[in-house]
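J.: From just these sequences and the hints, can you work out the full model?
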Amino acid sequence: MATTWTRFRRWTRSDSASGLLLVSPAALFALALLAVPLAAVVAFSFWSQDYLEIDRTFTWANYRAAVTEPIYRELMLRSVLISGAVTIATVVLAFPLAYFISFKVADRHKALWIFLVTIPFWTSYLIRAFLWKVILGFNGVLNTSLQTLGLIDEPLSFILYNPNAVVITLAHAFAPFAILPIFVSLERIDRSLLEAARDLGESRFGAFWRVTFPLALPGVVAAALIVFIPTIGDYVTPRLVGGPDGLMIANMIQTQFLRLNNAPMGATLAVIAMLVVSAISLVFVALSRRWSGPR
Amino acid sequence: MTLRVYAILYLVFLYAPIVLLPIFAFNDATVIAFPLSGFTTEWFRAIPETPALIRSVQTSLVVAVSSALLATLLGLCTARAGARYAFPGKRPVTGFIMLPLVLPEIIVAVALLVVLLALGLPLGPWTVVLGHTLLCTPFAVAILGSSFNNFDPALEEASYDLGESRWATFRLVTLPLVMPGIVSSLLISFTISLDEFIIAFFLTGTEPTLPVYLWGQLRFPQKIPVVMALGTILVALSVLLLSVAELFRRRGLARTGAKDTGGFV
Amino acid sequence: MSIISLSGVQKHFGDYHALRGIDLEIAGGEFFSLLGPSGCGKTTLLRVIAGFEDVSEGTVLLSGRDMEGVPANRRPTNMVFQSYAIFPHLSVAENVGFGLRRAAMSRGEKAAAVEEALGMVGLAGYGARKANALSGGQRQRVALARALILKPKVLLLDEPLSALDKKLREQMQAELRRLQRSVGITFILVTHDQEEALIMSDRIAVMFEGRIAQLADPQTLYRRPVSRQVAQFIGMMSFLPGRIAGAEVTVAGLGRASVEDDQCPAGRADGDVSVGIRPELLSLLAPGEDTDRQLAHGAVTERTYYGDMTYYDVALDGTDAEVTISMKNLPGRAVLERGDAARVAWDARSLVIFP
Chain B
1 MATTWTRFRR
11 WTRSDSASGL
21 LLVSPAALFA
31 LALLAVPLAA
41 VVAFSFWSQD
51 YLEIDRTFTW
61 ANYRAAVTEP
71 IYRELMLRSV
81 LISGAVTIAT
91 VVLAFPLAYF
101 ISFKVADRHK
111 ALWIFLVTIP
121 FWTSYLIRAF
131 LWKVILGFNG
141 VLNTSLQTLG
151 LIDEPLSFIL
161 YNPNAVVITL
171 AHAFAPFAIL
181 PIFVSLERID
191 RSLLEAARDL
201 GESRFGAFWR
211 VTFPLALPGV
221 VAAALIVFIP
231 TIGDYVTPRL
241 VGGPDGLMIA
251 NMIQTQFLRL
261 NNAPMGATLA
271 VIAMLVVSAI
281 SLVFVALSRR
291 WSGPR
Chain D
1 MTLRVYAILY
11 LVFLYAPIVL
21 LPIFAFNDAT
31 VIAFPLSGFT
41 TEWFRAIPET
51 PALIRSVQTS
61 LVVAVSSALL
71 ATLLGLCTAR
81 AGARYAFPGK
91 RPVTGFIMLP
101 LVLPEIIVAV
111 ALLVVLLALG
121 LPLGPWTVVL
131 GHTLLCTPFA
141 VAILGSSFNN
151 FDPALEEASY
161 DLGESRWATF
171 RLVTLPLVMP
181 GIVSSLLISF
191 TISLDEFIIA
201 FFLTGTEPTL
211 PVYLWGQLRF
221 PQKIPVVMAL
231 GTILVALSVL
241 LLSVAELFRR
251 RGLARTGAKD
261 TGGFV
Chain Z
1 MSIISLSGVQ
11 KHFGDYHALR
21 GIDLEIAGGE
31 FFSLLGPSGC
41 GKTTLLRVIA
51 GFEDVSEGTV
61 LLSGRDMEGV
71 PANRRPTNMV
81 FQSYAIFPHL
91 SVAENVGFGL
101 RRAAMSRGEK
111 AAAVEEALGM
121 VGLAGYGARK
131 ANALSGGQRQ
141 RVALARALIL
151 KPKVLLLDEP
161 LSALDKKLRE
171 QMQAELRRLQ
181 RSVGITFILV
191 THDQEEALIM
201 SDRIAVMFEG
211 RIAQLADPQT
221 LYRRPVSRQV
231 AQFIGMMSFL
241 PGRIAGAEVT
251 VAGLGRASVE
261 DDQCPAGRAD
271 GDVSVGIRPE
281 LLSLLAPGED
291 TDRQLAHGAV
301 TERTYYGDMT
311 YYDVALDGTD
321 AEVTISMKNL
331 PGRAVLERGD
341 AARVAWDARS
351 LVIFP
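Here the protein sequences come in this chain order: B, D and Z. First residue of the first sequence: 1, per the UniProt record's numbering; consecutive thereafter. First residue of the second sequence: 1, per the UniProt record's numbering; consecutive thereafter. First residue of the third sequence: 1, per the UniProt record's numbering; consecutive thereafter.
Just so you know, the hints here were simulated from the structure itself, not pulled from any lab data. Incorrect hints may have been included.
Stated by the list, open to error - With a Cα cut of at most 30 angstroms, we get these calculated DSS-like pairs of lysine-lysine:
#1 B:K133 with D:K223
#2 B:K110 with Z:K328
#3 Z:K130 with Z:K110
#4 Z:K167 with Z:K130
#5 Z:K151 with Z:K167
#6 Z:K151 with Z:K328
As the list claims (entries may be wrong) - Which bits of chain Z does chain D cover? Going by a derived footprint, with three or more residues having C-beta under 8 angstroms, they are:
#7 68–79
#8 85–93
#9 96–105
Note that the structure is predicted; figures quoted are calculated from it, not measured. Where is the CB? At the ideal position from N, CA and C, for every residue including glycine.
T.: Laid out in structure tokens, this is it:
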């Protein structure tokens with residue numbers, strides 16, 4: 001019979017023990033610097049601040065303010081709408097490219113194409129956003145070029161300092177995020193499935209619609225989430241190209257924390273933003289499951 | 001054929017801003033607009049003459065190197081645990097470590113700020129390192145995870161079986177096979193940290209990192225050409241580092257004999 | 001003395017009970033096989049012996065020494081992995097010499113040992129090759145040389161031939177057997193291929209669901225399986241309902257016969273039984289052919305042609321059960337068609353009785 005001691009010795013050599021030991025540094029790090037801070041943000045959202053003094057009595061006041069004051073409501077709604085528009089634009093634009101790389105590019109060139117697509121993502125986001133301001137501006141690259149070419153007389157003004165500019169800039173910034181998951185799900189499709197569909201009498205388009213697209217759907221869903229979630233909290237792009245009508249919730253959170261010294265209000269807005277993002281994402285995932293699952 | 005045209009147009013859209021960067025960095029005018037007025041290297045020469053900029057570059061380098069090392073170390077442990085062992089709570093724990101990948105950065109920044117202020121800790125480069133390590137770790141885990149998944153666990157068992165200890169096995173078998181992934185993880189974490197703005201903006205204190213410094217300069221139109229020059233250098237550096245990272249990734253694949261799938265499948 | 005002695009070995013993976021009490025003695029110099037379908041625990045048992053898995057209960061003795069707490073790198077066993085686990089970043093010679101790193105030998109002695117090991121597996125002169133440039137069969141030989149160079153007491157082989165094509169596999173089976181005789185080391189082979197186990201082994205343990213169902217030499221295993229499960233896993237066997245009383249058994253469709261004790265490997269008790277018979281131990285008689293063997297009648301329901309053999313399914317008169325009969329395709333032998341009447345010759349000694 002194994003004694004308690006030999007049982008313990010065996011456990012220390014087991015998968016469980018080795019795995020837990022190895023995962024613990026990163027897990028503890030994330031616990032201290034993510035779980036605890038997130039909990040703190042939630043706690044702050046129920047407190048209040050008077051200049052620099054934090055009052056730790058429980059209050060719903062911040063949430064009441066967030067719901068009743070039009071400025072917060074409007075910013076939240078606008079953030080959701082802009083993120084939604086960015087998500088749709090990015091995913092719709094990305095799908096044909098991912099399809100091209102997966103189905104039309106020779107195997108040995110695929111890695112190169114993916115590399116080409118990802119490079120812009122790794123260059124400074126700040127500078128890229130600023131360059132869009134330069135491109136889209138009143139005296140910007142686009143307008144001056146079009147005027148020099150004689151295509152327009154007056155500079156186009158609908159493309160800077162408004163939500164359109166924010167959508168264009170963010171769609172550019174998040175393009176690789178959308179392409180990669182779609183590409184991965186397309187790559188995993190067994191090519192003989194398409195041949196089977198054709199063999200069973202489907203047209204090229206029919207095979208795409210009834211086989212390729214449903215199988216690529218998980219990638220499309222992942223792409224949509226991976227674009228939607230971070231964009232709703234974007235700060236740089238609205239500030240640089242959004243103008244007063246293009247600001248988003250992150251700009252308000254920053255203002256509350258660093259300008260108005262109202263951390264509890266900032267925390268409340270952050271919590272609400274997280275809740276809204278999670279709720280929309282969950283609904284989206286549930287809908288896509290129902291739609292794509294076996295019927 | 002139409003798809004190919006679309007793909008090329010898409011690449012033009014992706015690269016448009018990056019291509020414009022060097023054009024204006026060498027343009028002899030303070031206004032960023034066409035037509036171009038002439039060639040100059042004045043803006044590049046102004047870079048070393050701006051002490052605040054040099055300091056911010058130094059801060060950024062220290063932050064990026066530290067974050068890359070820390071994130072790769074944490075990523076190495078996590079990726080190995082994930083690829084080799086079954087342990088209770090594996091999915092939720094690794095999922096939680098990967099969370100910063102999908103969390104809006106502003107939330108991470110705000111959350112860290114709240115705690116640091118509540119604890120009364122002074123902000124500085126090291127607080128940025130903490131934030132960036134948190135942000136880079138998921139990338140390190142993803143890269144190293146694919147390195148570990150690509151190699152046969154029986155290789156390590158073969159080494160134990162032939163009489164080597166765990167540590168010797170790690171040194172003789174595991175490390176050489178995962179090394180390309182480690183290099184690639186270091187380079188990518190370094191690049192992310194070097195470019196990251198929001199977390200640095202919230203946590204930087206009195207010593208700004210380069211992106212935070214640049215952000216401050218964007219308000220002054222006469223400083224823009226210098227920013228363009230610096231941006232050109234940054235982008236060139238990023239592209240160089242990424243190409244090296246890609247090279248190592250491919251060498252790693254060749255070494256383990258795996259099929260090249262672009263590193264994401 | 002046994003070189004390996006397992007008693008009461010159990011292994012749990014969480015809720016999964018992979019080994020449910022294994023007792024086993026393996027002698028020095030034996031070629032021993034663990035045979036069973038996938039998931040029967042044979043690979044787990046091999047890994048327990050190698051030291052890659054700890055036992056949950058029970059003891060493992062190697063040369064009489066308790067292996068509790070002794071890790072794989074300190075055990076006198078070496079393994080040939082199913083994937084071969086050839087180190088892709090090392091050359092063939094570096095792979096084969098991997099285990100010699102800490103040996104008290106000069107550089108020259110090590111190189112000579114590597115060359116000798118390569119020669120033993122027919123790869124002399126391949127030392128400088130890159131491991132990635134080898135074919136499947138060559139990788140298998142490198143894995144063998146690498147494990148044998150340390151002169152282990154026991155060599156463990158985890159489905160070493162399953163990745164090879166049929167011709168190469170047959171060639172390697174003969175070669176492995178020859179190699180084992182020449183080095184005299186105990187080989188323990190894990191396989192799901194019954195033919196491979198029968199060809200190569202001195203003794204075979206057939207495993208189902210974490211238990212050893214039968215442990216015997218190949219002939220006994222084939223001729224006298226202890227259960228229908230074992231009988232069906234090894235070769236082909238037809239089963240007929242029967243009834244036993246004393247030494248006499250009445251078999252549906254065949255008739256009466258008296259059976260010896262050895263024909264009841266699972267023990268004899270009066271009552272309903274299942275009677276098994278191998279296809280090659282039955283024969284179909286040509287029209288007009290005489291026999292002094294016992295005779296049964298039926299009709300052919302299916303005929304399958306195998307080149308050297310033809311297999312007939314025959315429905316026997318007076319029962320729902322069918323038997324399968326294999327006949328060598330000799331020149332001039334008549335071929336029966338579906339629906340033809342069949343006369344079946346059989347012997348009492350060919351029957352195996354299962355409770």
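J.: All hints, please: hold or fail.
T.: Status of each hint after checking the structure:
no., hint, verdict
1, B:K133 with D:K223, "holds, 15 angstroms"
2, B:K110 with Z:K328, "violated, 56 angstroms"
3, Z:K130 with Z:K110, "holds, 19 angstroms"
4, Z:K167 with Z:K130, "holds, 25 angstroms"
5, Z:K151 with Z:K167, "holds, 29 angstroms"
6, Z:K151 with Z:K328, "violated, 45 angstroms"
7, 68–79, "holds (count 7)"
8, 85–93, "holds (count 4)"
9, 96–105, "holds (count 4)"
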